[in-house]
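Engineer: Quick note on numbering: the sequence shown equals residues 1 to 165 in full-length UniProt numbering.
What the hints contain is simulated information worked out from the structure, not anything from laboratory work. Where hints are given, some of them may not hold.
Said to hold, decoys possible - Cross-link-like lysine to aspartate or glutamate pairs, in silico, EDC-like; alpha carbons within 20 Å at most: (1) Lys123 x Asp54; (2) Lys65 x Asp127; (3) Lys65 x Asp54; (4) Lys65 x Asp95; (5) Lys65 x Asp31; (6) Lys123 x Glu56; (7) Lys65 x Glu109; (8) Lys65 x Asp81; (9) Lys65 x Glu92; (10) Lys65 x Glu105.
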Amino acid sequence: MTTQSLAEDDFVQDDTTDDTLKDSAIPAFDDLMFACTNLCELLEVENDALANHDAETIAALGDRKIALTRLYASYTRGLADLPESGRGFNPEQRDELLAVGRQLEELVERNAMLLRAAIDATKTVVDIIAQSVRSSQEPGIVYNRSGAMRGNDDKATSYSLNNLL
Numbered sequence: 001m002t003t004q005s006l007a008e009d010d011f012v013q014d015d016t017t018d019d020t021l022k023d024s025a026i027p028a029f030d031d032l033m034f035a036c037t038n039l040c041e042l043l044e045v046e047n048d049a050l051a052n053h054d055a056e057t058i059a060a061l062g063d064r065k066i067a068l069t070r071l072y073a074s075y076t077r078g079l080a081d082l083p084e085s086g087r088g089f090n091p092e093q094r095d096e097l098l099a100v101g102r103q104l105e106e107l108v109e110r111n112a113m114l115l116r117a118a119i120d121a122t123k124t125v126v127d128i129i130a131q132s133v134r135s136s137q138e139p140g141i142v143y144n145r146s147g148a149m150r151g152n153d154d155k156a157t158s159y160s161l162n163n164l165l
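Input sequences plus hints: build the corresponding full structure.
Structural biologist: This is the structure we're talking about:
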């Protein structure tokens, strides 16, 4: 997941800001706070699920995580494309957005670390199972082109892993 962090420069006060921009910044603030706080809550739940190896919860959060990430990205992209829109936030809004942005950044970093650990652990388990299957195989029967059976001649037998692993 790629997120764009909120920076203090996005909220620099500008004397040229007119009253219409200040009025229109209130809904943008609420929308941005909605996306940030909901994404933070989701990441907290997902991080707990990752730490507790709760694959069912992680899978259930997937669609909502994608939707919130897109929403957050569209709002932050809007701030980056029109930095003057961020100048309409009052100092309390600015501080609140910066705080939730820092919290979101920490949660994203932890989420990435936990996801990497889960992926590495799953790969290790699959590799161990595959190696175990290879080493425990008894010589199988191989059929030649005419369909007659012959010894294995030390050829490895193929195997497959269930995708639930």
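Engineer: So which hints don't hold here, by number, going up?
Structural biologist: 2, 4, 8, 9
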